[in-house]
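This is what each chain is made of:
Protein chains: 2
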Amino acid sequence: MLKIRLLVAALAMTGSLSASAAESLPASAPAPENNPTTAEKVSLGKMLYHDPRLSSTGTVACASCHNTMLGGEDNRPNSMGVNGQTGGRSAPTVWNAAFNAVQFWDGRAASLEEQAAGPVTNPIEMGMKSWDDVVARLKTIEGYQDAFEKAFGKDSISKDNATKAIAAYERTLITPNSAYDKYVEGNTNAMTEQQVRGMKKAVEIGCTSCHSGPAFNGAGMFQKFPVNSNGYFEAQYHFQKDLGRAEVTKSDADKHFWKVPTLRNVALTAPYFHNGSVKTLDRAVWLMAKLQLNKELSDAEVADIVAFLNALSGEFPTQSMPHLPGTPGKAFN
Amino acid sequence: MLKIRLLVAALAMTGSLSASAAESLPASAPAPENNPTTAEKVSLGKMLYHDPRLSSTGTVACASCHNTMLGGEDNRPNSMGVNGQTGGRSAPTVWNAAFNAVQFWDGRAASLEEQAAGPVTNPIEMGMKSWDDVVARLKTIEGYQDAFEKAFGKDSISKDNATKAIAAYERTLITPNSAYDKYVEGNTNAMTEQQVRGMKKAVEIGCTSCHSGPAFNGAGMFQKFPVNSNGYFEAQYHFQKDLGRAEVTKSDADKHFWKVPTLRNVALTAPYFHNGSVKTLDRAVWLMAKLQLNKELSDAEVADIVAFLNALSGEFPTQSMPHLPGTPGKAFN
Numbered sequence: 001m002l003k004i005r006l007l008v009a010a011l012a013m014t015g016s017l018s019a020s021a022a023e024s025l026p027a028s029a030p031a032p033e034n035n036p037t038t039a040e041k042v043s044l045g046k047m048l049y050h051d052p053r054l055s056s057t058g059t060v061a062c063a064s065c066h067n068t069m070l071g072g073e074d075n076r077p078n079s080m081g082v083n084g085q086t087g088g089r090s091a092p093t094v095w096n097a098a099f100n101a102v103q104f105w106d107g108r109a110a111s112l113e114e115q116a117a118g119p120v121t122n123p124i125e126m127g128m129k130s131w132d133d134v135v136a137r138l139k140t141i142e143g144y145q146d147a148f149e150k151a152f153g154k155d156s157i158s159k160d161n162a163t164k165a166i167a168a169y170e171r172t173l174i175t176p177n178s179a180y181d182k183y184v185e186g187n188t189n190a191m192t193e194q195q196v197r198g199m200k201k202a203v204e205i206g207c208t209s210c211h212s213g214p215a216f217n218g219a220g221m222f223q224k225f226p227v228n229s230n231g232y233f234e235a236q237y238h239f240q241k242d243l244g245r246a247e248v249t250k251s252d253a254d255k256h257f258w259k260v261p262t263l264r265n266v267a268l269t270a271p272y273f274h275n276g277s278v279k280t281l282d283r284a285v286w287l288m289a290k291l292q293l294n295k296e297l298s299d300a301e302v303a304d305i306v307a308f309l310n311a312l313s314g315e316f317p318t319q320s321m322p323h324l325p326g327t328p329g330k331a332f333n
Numbered sequence: 001m002l003k004i005r006l007l008v009a010a011l012a013m014t015g016s017l018s019a020s021a022a023e024s025l026p027a028s029a030p031a032p033e034n035n036p037t038t039a040e041k042v043s044l045g046k047m048l049y050h051d052p053r054l055s056s057t058g059t060v061a062c063a064s065c066h067n068t069m070l071g072g073e074d075n076r077p078n079s080m081g082v083n084g085q086t087g088g089r090s091a092p093t094v095w096n097a098a099f100n101a102v103q104f105w106d107g108r109a110a111s112l113e114e115q116a117a118g119p120v121t122n123p124i125e126m127g128m129k130s131w132d133d134v135v136a137r138l139k140t141i142e143g144y145q146d147a148f149e150k151a152f153g154k155d156s157i158s159k160d161n162a163t164k165a166i167a168a169y170e171r172t173l174i175t176p177n178s179a180y181d182k183y184v185e186g187n188t189n190a191m192t193e194q195q196v197r198g199m200k201k202a203v204e205i206g207c208t209s210c211h212s213g214p215a216f217n218g219a220g221m222f223q224k225f226p227v228n229s230n231g232y233f234e235a236q237y238h239f240q241k242d243l244g245r246a247e248v249t250k251s252d253a254d255k256h257f258w259k260v261p262t263l264r265n266v267a268l269t270a271p272y273f274h275n276g277s278v279k280t281l282d283r284a285v286w287l288m289a290k291l292q293l294n295k296e297l298s299d300a301e302v303a304d305i306v307a308f309l310n311a312l313s314g315e316f317p318t319q320s321m322p323h324l325p326g327t328p329g330k331a332f333n
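Chains Y and P, in that order, are what the protein sequence lines are.
Just so you know, full-length UniProt numbering puts 324 at position 324 of the first sequence, and the rest follows in order with no gaps.
Just so you know, full-length UniProt numbering puts 299 at position 299 of the second sequence, and the rest follows in order with no gaps.
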């Protein structure tokens, strides 16, 4: 326990970090008052989340881009929606998304429920014309009538309930027991010396000023990215092509502001940044220090921080595959 | 038991069906001598089968078109591969494919192992340039090095072993205990009166001459389809656009010949036929009788046979989701 106290003290001393940064990941996520988590909702939500019939072509599920068998996204620079279309942003991980105060890179959704409604009718993502069409399709599938009834009562297939169920399922997607979690819970052998060194460096240079809290996601903070850029970096990575939060708010003050993304499982979610333009975590760490903190890290410092970030990869819970209900004798649409 | 014996006798009386048609689905599938099924191969095969990184874009897994959460295919007329491309044929179900003597609609693969190699490098399916590229990519993923080692020994990542593992996994995808299976095992209440009537009608008109054996797949038989067509049907369904087995053998004698597909879970695999041109099972049954057997079924007869075919939907085993290994800190390709 002594080392832990020392760590917390060390973290607090930086002035830019509260002691809460040394908290381990909670085992469960809070649910909003109007959508308490139940086993029936989670079961239905898991079906909907993995069902490609929520897309116009029947080929793209939530899980296609936010892959629950991988690090919660698709390892692509940007995702591929219906008919091979791609957008400009990289899919954020669904793992531990329940701990984000807002959703989407630009924070335009205030909840998982609100987020879940978006991609389904986005023409380059899942491509459904409207949620009315989704609801009509789900109503033709007897197994969904039953699953909604169990979760929400009779004749309850609706956009509102579908997104509530998906959000309830997503709240179960938590990856506890990373090396870091074990370390802050008192097992001082859980992290290597290099990882501890990397953690201290990350705190010292200021990474955790923004990537704060147990999910290292700034608890709803928006930050400008990049802060200190120039033509050289822009030509390589095109970070400033996308206005970020300003695309939503239409306010100049929000130009290039982004939700602070979680660092949990970051080693598993390459490529990096909002546009997925950086292929490796080494480079991402170096760029963050340079562009955000105006620090040029040595290779050794980068390696230490990367080692620490690998200590944030958690345990992925074993999940059963949902059995998706069929439409006996009929094509789904 | 009396009823069963009567049934078997009735089936045998038709002259076109051996008593073996009344066998229930075996609980396990035979494996070839050079690829005995092991838990380690099945575990690796399940990972590979669900991993979209086996495609050029990282978006299409075996499971994308042969969906293990659905009826083993995608409910589309024809599947959608990388970059939104589509082909001319409908994905066959992976469930019980282990009982097919040959694979693909045109039977061009003699085994599940051979089949598994095909789509990965098909430019409109998974789009990898070569299996060498697949192997090179898998070798960059540490978790796959371990999983191959457990299944096949040290440094064993290869096309041969990858397809063996996928085939070993597919041999576990069996759906036993359908109403029909329970019926032929002695539970005469397992099928409804209508289902029994439909079964007898299917035998009587000759469906089971080709759809024979416990998987109702003709055990490797090729048959011409359509046999008795005309311009009216061709204009609607374009069945003859595709030469079928002749595309492989280049022999005129094989024009419009197809592997007899399984009827197991057929109620879950709409739309129907090699080109997925028929949306409902009712219509598929009517067309089969008309085009293959030159019989015009009444609506009641169609309904009875469809009821029977629904009795062939089996129990889908509960499966855990594989956890796909990441490439820490690097984009997968």
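Treat the hints with care, as some may be off.
[Unchecked claim] With a Cα cut of at most 30 Å, we get these calculated DSSO-like pairs of lysine-lysine:
{"hint": "1", "chain 1": "P", "residue 1": "Lys-224", "chain 2": "P", "residue 2": "Lys-159"}
{"hint": "2", "chain 1": "P", "residue 1": "Lys-330", "chain 2": "Y", "residue 2": "Lys-182"}
{"hint": "3", "chain 1": "P", "residue 1": "Lys-241", "chain 2": "P", "residue 2": "Lys-159"}
{"hint": "4", "chain 1": "Y", "residue 1": "Lys-295", "chain 2": "P", "residue 2": "Lys-330"}
{"hint": "5", "chain 1": "P", "residue 1": "Lys-129", "chain 2": "P", "residue 2": "Lys-279"}
{"hint": "6", "chain 1": "P", "residue 1": "Lys-330", "chain 2": "Y", "residue 2": "Lys-330"}
{"hint": "7", "chain 1": "Y", "residue 1": "Lys-224", "chain 2": "P", "residue 2": "Lys-129"}
{"hint": "8", "chain 1": "P", "residue 1": "Lys-330", "chain 2": "Y", "residue 2": "Lys-200"}
{"hint": "9", "chain 1": "P", "residue 1": "Lys-279", "chain 2": "Y", "residue 2": "Lys-129"}
{"hint": "10", "chain 1": "P", "residue 1": "Lys-201", "chain 2": "P", "residue 2": "Lys-129"}
{"hint": "11", "chain 1": "P", "residue 1": "Lys-241", "chain 2": "Y", "residue 2": "Lys-279"}
{"hint": "12", "chain 1": "Y", "residue 1": "Lys-330", "chain 2": "P", "residue 2": "Lys-159"}
{"hint": "13", "chain 1": "P", "residue 1": "Lys-159", "chain 2": "P", "residue 2": "Lys-182"}
{"hint": "14", "chain 1": "P", "residue 1": "Lys-200", "chain 2": "P", "residue 2": "Lys-182"}
[To be verified] Some chain Y residues flagged as far from chain P (calculated, every beta-carbon gap over 10 Å):
{"hint": "15", "residue": "Ala-39"}
{"hint": "16", "residue": "Thr-192"}
{"hint": "17", "residue": "Thr-249"}
{"hint": "18", "residue": "Leu-268"}
{"hint": "19", "residue": "Asp-282"}
{"hint": "20", "residue": "Leu-291"}
{"hint": "21", "residue": "Ser-313"}
{"hint": "22", "residue": "Gly-326"}
Read the hints as simulated data drawn from the structure, not as lab findings.
Every residue gets a Cβ at the ideal spot worked out from N, C-alpha and C, and that includes glycine.
* To do: Would you check the hint for Lys-159 (chain P) and Lys-182 (chain P), treating anything up to 30 Å between C-alpha atoms as holding?
  => violated (40 Å)
* **Check on Gly-326 (chain Y) being off the interface with chain P, judged by Cβ distance over 10 Å** => Nearest chain P Cβ is 4 Å from Gly-326 (chain Y), so the label is violated.
* Holds or violated: Lys-241 (chain P) to Lys-159 (chain P), with C-alpha atoms at most 30 Å apart -> Measuring from Cα to Cα gives roughly 33 Å; hence the hint is violated.
* For Leu-268 (chain Y), is the shortest beta carbon distance to chain P beyond 10 Å? -> With a cut-off of 10 Å, Leu-268 (chain Y) comes too close to chain P, as the shortest Cβ separation is near 4 Å.
* 30 Å limit on alpha-carbon distance, applied to hinted pair Lys-200 (chain P) and Lys-182 (chain P) -> holds (17 Å)
* Exclusion check [Leu-291 (chain Y) not at the chain P interface, CB over 10 Å] -> The claim stands: Leu-291 (chain Y) keeps its Cβ more than 10 Å from every Cβ of chain P (closest is about 19 Å).
* To do: Examine each Cβ of chain P, and state whether all of them lie more than 10 Å from the Cβ of Ala-39 (chain Y).
  => holds (16 Å)
* Is Lys-330 (chain P) close enough to Lys-200 (chain Y), meaning Cα to Cα at most 30 Å? -> holds (23 Å)
* **Distance restraint between Lys-241 (chain P) and Lys-279 (chain Y), which requires alpha-carbon spacing of 30 Å or less** => It is violated: about 45 Å lies between the C-alpha atoms, which goes past 30 Å.
* Going straight from one Cα to the other, do Lys-330 (chain P) and Lys-182 (chain Y) come out at no more than 30 Å? -> Since the Cα atoms of Lys-330 (chain P) and Lys-182 (chain Y) sit roughly 25 Å apart, the hinted pair holds (cutoff 30 Å).
* **Thr-192 (chain Y) remote from chain P - nearest C-beta pair above 10 Å** => Holds, since 14 Å exceeds 10 Å.
* To do: Run the C-beta distances from Thr-249 (chain Y) to all of chain P and say if the shortest one exceeds 10 Å.
  => Thr-249 (chain Y) is indeed farther than 10 Å from all Cβ atoms of chain P, at 31 Å.
Checked against the numbered hints given earlier, this structure breaks hints 1, 3, 5, 6, 7, 10, 11, 12, 13, 18, 19, 21 and 22; the rest are met.
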